[in-house]
Amino acid sequence: MTILETGRLLRSRQLSCVELVQESLDDIKRRDVFRTLITITEEQALAEARMLDAELAQGKDRGPLHGIPTAHKDIFYTRGIRTTGGSLIFRDFVPQYSATAVDRLATAGAISVGKTNLHELAYGATSKNPHYGFVLNPHNTAQVAGGSSGGSAALIAANFLSYSLGTDTAGSIRMPASYCGVVGLKPTYGRVSRYGILPLAFSLDHAGPLAATVEDCALVMNVISGPDSNDPSCVARPAPDFTKTSLANLKGVRLGVPRTFYFHHVHEEVASAVKRKISEIESLGASVSEVHLPDMEEANTAARIVQLSEAASLYTGREDPTQFGDDVWALIEQGRMLRAHEYVNAQRVRTLFRREFDHLWEGVDLLVTPTTPMTAPGVDQTTARFGDYEEDVRIASTRLCRATNFLGEPALSMPCGKTEKGLPIGLQLIGAPFTESKLLAIARLLQN
Amino acid sequence: MPASEQENNLLIQNQTTIERLRESFRPLEPRLTPEVESAVIYRVTIPDEDKAE
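Quick mapping for you: the protein sequence lines, in order, are chains C and P.
Under the numbering used here, the very last position in the first sequence is 448; numbers go up by exactly one each time.
Under the numbering used here, the very last position in the second sequence is 1053; numbers go up by exactly one each time.
The set of hints was computed from the structure by calculation and includes no laboratory data.
One thing to keep in mind: the hints can contain errors.
[Claimed, not checked] If you want the footprint, here are the derived chain C segments under chain P, 3+ residues with CB under 8 angstroms:
id, segment
1, 52-64
2, 294-303
3, 337-343
4, 350-357
The C-beta atom is built at its ideal place from N, Cα and C for all residues, glycine as well.
Between the sequences and the hints, there should be enough to build the whole structure, so can you do that?
Right, here's the structure in full:
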């Protein structure tokens, strides 16, 4: 059920917040073979639900999220509730304050029932967490949920909850959204506060929503976006109402379809589904043109240097590999091998790409691409094959997402059909900086 | 496999990964003329925030 549908039931007293939270928790306890949650906060959630029921009875309504349960990725600080980061090193960490996004959701009446499982330290693409269990894909438990926000995507796909907070440093909201068949939005860098979120790579990290529908994503964005004096990377001007823009058709929308990169080394079923969607967009009135992009492989290379360097800086002084999963430790070690001038030059490359994309946005309003070049890989799968080309699953999973973290552009992943085997395909909409309203409006039209 | 041998293998794997990354980055270096500064280091927000919407 969507946020708005559930809200109607609460306001008409057909359902109470307590009943809703209890039903969600019972459902999770009964069916969660996917390992979506690390921590369940039942007592606190029920206490909040009782309070929110009392408010509704008194006529106090906090808005669309009033009484709607959620769960935050376990790298969002939650005051008094442990925040593990999916790691051993933070297994007993209990923050003394909450992330701005968490606080804003609580003020809006959202009820957190727990903390979601993730790839260790948000540093990976599979959510095969060696400490808290592998997150499995609700569409097929032989496949991964993707990562790093795997628990968040899986609990929505399993119909446990309608929305969750995630983070995205190289695709960690969009890619699990694609693999699990849900909606995920990585907002523009600076749109959503990152205060109180365990960082991975300072200049690439973004926070955003995952949800069952585009409308629900917009509702969550309305709450979590906007200036935050605690986060210097957050922009100063207020965020718009992301639910306000509504489109009857796509006349006047200029869609760019990249000639290269985004459709290269992509599985046929995925490429076909996305191309069909592009035709649909055209039939809704959008003008479609092929666009030439700068070399996105180069952007990915520079982005990886930035990510490895910034993540290594966070774990300076950590010298015990047994405290980390093998894959995460290897990435930390690799980051330590990079040199200062290599990091600075990767950041200088970023300036070049920024200029090229500023030019690109003069001619088009959005790019439409696959989110991932394939559907969810198998739990034991380490490589992906695209014809003669073989690629590490982790690199393949992030390949079509990573560059937008480097640039900061908003990007949304939404379901785009399924393969013959029943696995979800993800469609990615990329827009110019601070055009989330437009992206969400277009996505809403496509979804409906 | 003895621990030190395993550690050596991991070290070689990590070095190989980083060398490949460096190789991929090399073609970009000629574009980094002296006037290309890193905007990100000075200002982490996107500079044209006022243009959108």
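Counting residues of the segment 294-303 of chain C with a beta carbon closer than 8 angstroms to any beta carbon of chain P, are there 3 or more? holds (count 4)
Taking a Cβ-Cβ distance under 8 angstroms as contact, does the segment 52-64 of chain C have three or more residues in contact with chain P? violated (count 0)
Quick check: do three or more residues in the segment 337-343 of chain C have a beta carbon closer than 8 angstroms to a beta carbon of chain P? holds (count 3)
Are there three or more residues in the segment 350-357 of chain C whose C-beta lies within less than 8 angstroms of some C-beta in chain P? Coverage by chain P holds for the segment 350-357 of chain C (4 residues, Cβ < 8 angstroms).
Hint 1 alone, counting from the list given before, is not met by this structure.
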